[in-house]
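Novice: Given the coordinates of chain A, assemble chain B onto it according to the supplied hints.
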Amino acid sequence: MADIEQLAESVDSLKDSFEAHRYICSDQIATAVYLAYHLRKPVLIEGPPGVGKTELAKTTAEMFALPLIRLQCYEGLDEAKAIYEWKYGKQLLYTQVLKETLDEVLQGAQGFAESVSRLHEFGDIFFSEEFLEPRPLLKALREEDGCVLLLDEVDKSDHEFESLLLEILSDFQVSIPEIGTVKAHREPPIVFLTSNNTREISDALKRRCLHLYIPFPDADLEQRIIHARVPDIPPELRRQLVTFIQDLRDLDLKKVPAISETIDWARTLLLLHTESLDPDLVRDTLNVILKFQEDIENVDAEIATLTNKAVRTDGVGPKVRA
Amino acid sequence: MDRTLTHFIAALRNAEVRISPAETLDAMNAVGLVGYRDRAFLKDSLALVLPKTADEKETFDTTFDQFFSFEDLAGQSVAVDGDGDGEDGEGGGEGQGQGEGLGGGKGSPGKGKKSKYAAAEEEEEEDLGPGAMAEPRSALARLLMQEGTTELTMRMAEAAEEADLTQIQVFTQKGLYTRKIMDAMGLADLVREIAELRASPQVPERRLGQELKRRRDWLRELVRDYVERQFLLHADATGRRLREDLLQKVKLSNIEHRNFRLIQEIVLRMAKKLAALHSRRRKVFKRGQLHVSRTLRHNMSYDGSIFDLHWKSVKVDRPKVFAICDVSGSVAAYARFMLMFLYSLEEVMPKVRSFAFSSDLAEVTELFERNKIEDAIAKTLRDYSGGSTDYGQAFQDFRKLCMDEVDNRTTIIILGDARNNYGDPRTDILKEMYDRSKRVIWLNPESRNTWNVGDAEMRKYTAYVHQAEECNSLVHLNRIVGNLLRAVA
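Chain order of the listed sequences is A and B. Sequence positions in the first sequence follow numbering that gives the first Met the number 0 and run 0 to 321. Sequence positions in the second sequence follow numbering that gives the first Met the number 0 and run 0 to 488.
Calculated from the structure, these hints are not laboratory results. Each residue gets a CB set at the ideal place from its N, CA and C atoms; glycine is no exception. Don't take every hint at face value.
The calculated lysine-lysine pairs, modelled on DSS-like cross-linking and capped at a C-alpha distance of 30 angstroms, are [said to hold, decoys possible]:
1. B:173 with A:155
2. A:14 with B:42
3. A:254 with B:271
Below, a sample of chain A positions facing chain B; criterion: calculated Cβ distance under 7 angstroms [to be verified]:
4. 27
5. 31
6. 90
7. 209
8. 210
9. 299
If we strip away everything but chain A, and leave its shape as in the complex, we get (with noise of 0.2 angstroms):
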């Protein structure tokens, strides 16, 4: 546990060692992580897909050493899926089993009233830990030293699974009818929810988390970022490539290039041994940035304009559009 708080001792250790686990991340990012740490809260992180909410989790996990249980949300997703289910195959045994040893557990009793107390005194744990399932809520609450939970676009999920969230985000602890409440260990999970934002989330939801929205990086963040994760690409082609894909999310596209794209294109460019880009070469790789054929075709014309303007030393073409 050392090493955590160790690292989790201010933003700026957070930042850095981030950045030794290849995560470039903004202050804003590391703040969050700060806070969630210090302030045991839940971070919801909300952004345009692809730029690194799911990663951040993966990440954060794997910094401080910490296992990573993920749940991926769908339409659906209810508690039997989430939280715990009931071992029925081993129940349906144990009835069984206690048929059988009914007979001496009655053994001698008198009337029906008796029997019943008898049957009372006879330990019942039929719903008990050992026939539950734990499922990744409960598992995650149950991890001895803590842990990093991860529910994966809660925002598709159903409204009713969200009110199921709301105790486990609060106050760590899950209530099972047939048991009782289960706690969190010493260390309570820190948690990350992802929204894609297709639907707005429940303000008790919200309430409960620290809110965190990730934009598109600047392009000076991206660029660190590629050098992190592709860190063989030629500084200048990196350079050129970062500021194509940053004039590309000003124009009208139904789904604008996100971190991860560009980092898909950067190593698409790295096997084509590239070494600037040009006109020809950006309409042939361009469906790894772009995935949809009618914003293909709308860029088409722009491509000698965008790919001029990038390849400029200075970064800073004239603003003249085709």
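Specialist: Same frame as chain A, but now just chain B:
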């Protein structure tokens, strides 16, 4: 310092950021951890705890910068000091630089200087030259003559609190509060001291008198600026709320262009509320179909004897809504808001298809998918609002275009005044729509008693709609769409 935080939160709430008491507590914990020393760190931290949407974050940013902007004062004052002393060259230079560096303070130092010179010209001060000055006596005078301004600023904040500055409501109160704060800071003593000093026969005393007077004027500027900022933070929203309440009830066609933005915000908010209320999808049980696996699972605990049965259920699809809007001159203003409302409800009604007509009807759904709501509305109005109203033609077009897709889950909303220029009303088509759809709702922006006057065909049309409503303000719109959602969702 907790009071500062609560005031800040009050200011945020005023700026429409929703903050619950629980979040206030979180903020206090965060501040306890982070402290007030590092401004950027504090801002980052509070930005995580308080605002919970991207919009709120933006509001938070500006509010934070406005609220915690005492540094501006410090920058200014040094600048003024430098100018005033003349000889204190390095200090002055530094001060200027600082004043420029802090964006917010740019305008004010100039103002301060101007008033200072103006005052000098007015009274034709005797030139006493540089030299020793007497010691200031009153508390305020001492604060004024100090090098740094931190204490002065703090004193000002305290005085503002004494004067209940956060209660400021309308802009005419600005003078009053400036006065109150100056008084609370001990203006009376200062004025008396200045008068005494200036009447004194000794040069150092007169010199101090001059200097104090100059700094008093500068202080007044400071306080006025401060009051101004606080006014923007605390009172602006109160006036705005009044305006919003009014706008909700006013006839939509009477709304002035400059209020469109505000209306749009109101519409979005109302729509959001409705969406939150209705976004829960109902489950419908398919009678007679056993959910085998679930039944088995649930009956395990009863020794496998199956008596607690579970049925298959399906979630109901969200309703299909067809909106047909008359966008001819007389109704255009209403169509704008109605479309805005419907498309703001995307979350609960993803299948809105909209049609616009004045004489010919066309589908504009795609326009709305590709553009932002405002742009789409503007384009719709531009392209379709010419021509004289012809409901008959519009219905005919609708039948040709998509009558096949109207089914018993469809709700059709027609917005129009039913003024058909004495043409054929084609009620037969409306009847067909009525028969096929789940519901036909007619919204008429005119008040009920003029529905059948002149060339209006409302009487004929009402026979073939499930519901005909008067709808000409946001309150109406909200109620009707709310009912609609309740009925169809």
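Novice: Decide, hint by hint, whether the structure agrees.
Specialist: Cross-check of the supplied hints:
no. : hint             : in the structure
1   : B:173 with A:155 : 50 angstroms, violated
2   : A:14 with B:42   : 17 angstroms, holds
3   : A:254 with B:271 : 25 angstroms, holds
4   : 27               : 5 angstroms, holds
5   : 31               : 5 angstroms, holds
6   : 90               : 6 angstroms, holds
7   : 209              : 4 angstroms, holds
8   : 210              : 4 angstroms, holds
9   : 299              : 18 angstroms, violated
Of the hints listed earlier, those the structure fails to meet are numbers 1, 9, in rising order.
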